[in-house]
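Asker: Top line first, the protein sequences correspond to chains A and B. Mapping the first sequence onto our numbering, position 46 (from 1) lands on 46, and the numbers just tick up by one. Mapping the second sequence onto our numbering, position 5 (from 1) lands on 5, and the numbers just tick up by one.
These are computed hints drawn from the structure, not numbers from a lab. Check before you lean on any hint, since a few could be wrong.
[Unchecked claim] Ranges between beta-carbon positions, derived for each pair:
#1 A/Lys-107 x B/Thr-31: 28 to 34 Å
#2 B/Gly-15 x A/Lys-17: 31 to 37 Å
#3 B/Ala-24 x A/Gly-116: 42 to 48 Å
#4 B/Lys-27 x A/Gln-124: 15 to 21 Å
#5 B/Gly-15 x A/Asp-40: 43 to 49 Å
#6 B/Arg-30 x A/Ser-125: 37 to 43 Å
#7 A/Gly-116 x B/Ala-43: 25 to 31 Å
[To be verified] Distance condition first, Cα-Cα at most 16 Å in a straight line; then the derived EDC-like pairs of lysine to aspartate or glutamate:
#8 B/Lys-20 x A/Asp-75
#9 A/Lys-107 x A/Asp-55
#10 B/Lys-34 x A/Glu-18
Since we're looking at a predicted model, the values are computed, not measured. C-beta atoms are modelled at their ideal positions from N, C-alpha and C, and glycine is treated no differently.
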Amino acid sequence: MIESVTSQFIPVKIHAKEQKELFDKFNVHWTPTQLILDSDGVERHRIEGFLPVEDFLAQLSLGLGKLHFQKGNYDQSERTLRDVVESHPSAACAAEARYWAGAVAYKKTHDAKNLGEAYKELQQSYPDSEWTKKASVWSH
Amino acid sequence: MADISELKDEIAATGIVWLKNVDAALKEARTFGKPVLLDFSAAPM
């Protein structure tokens, strides 16, 4: 976990007793909460509540994938999101990562086939996920 | 800026050297091309 954090992020610890004003500034009302900010200080992903290590690592990668997506770095985003699914298939956010990987592939190619494939895989691997429901409009 | 004993405690607890200054972290983020991870905690120090 140390490697995942330090190699990919600039980590900052904010403690409620020391920097309460930052809780207000970033609209944080519960701990633990982790935010991923881009280098301009814009929030790109939020993790609220405790998670086991594997789920936490998957969330960090999901956040990176979403950050790259929002920045228009589609190749990097798709690689990162697909890696979440492959490396952490049982993590709670794996279905969300597969959903966004499909969305990124579509944004990159404008080929709706990518959306259909994402839905099919979600149906097979995560039939009860809300992300499978969200992708259900991609079935046609 | 944390003193050395605080940094040692932090490294011992998590193995990660956490910054405490968001502005300094953003400056590093721009320098190294990395995003910033803010960890909001209320755990005993």
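Asker: Taking the hints in turn, state whether each one holds.
Answerer: Outcome of the hint check:
Against the hinted window of 28 to 34 Å, the Cβ-Cβ separation of A/Lys-107 and B/Thr-31 comes to about 29 Å, which satisfies the hint. The hinted range of 31 to 37 Å is not satisfied by B/Gly-15 and A/Lys-17, whose Cβ atoms lie roughly 23 Å apart. Between B/Ala-24 and A/Gly-116, the C-beta spacing of about 46 Å keeps the proposed range 42 to 48 Å intact. Range check, B/Lys-27 to A/Gln-124: about 45 Å between beta-carbon atoms, so the 15 to 21 Å window is missed.
The hinted window of 43 to 49 Å between B/Gly-15 and A/Asp-40 is violated, with their beta carbons roughly 28 Å apart. Taking 37 to 43 Å as the suggested C-beta distance range, the pair B/Arg-30 and A/Ser-125 conforms, at roughly 38 Å. For A/Gly-116 and B/Ala-43, the hinted distance range of 25 to 31 Å is not satisfied, since their beta carbons lie about 45 Å from each other. Proximity of B/Lys-20 to A/Asp-75 is assessed by CA-CA distance (about 33 Å); at most 16 Å being required, the pair is judged violated.
Among the hinted pairs, A/Lys-107 with A/Asp-55 is inconsistent with the structure: their alpha-carbon atoms are about 27 Å apart, more than 16 Å. Distance restraint check for B/Lys-34 and A/Glu-18: the Cα-Cα separation of roughly 25 Å exceeds the 16 Å cut-off, and the hinted pair is therefore not satisfied.
In summary, the structure is inconsistent with hints 2, 4, 5, 7, 8, 9, 10 from the numbered list given earlier, while agreeing with the others.
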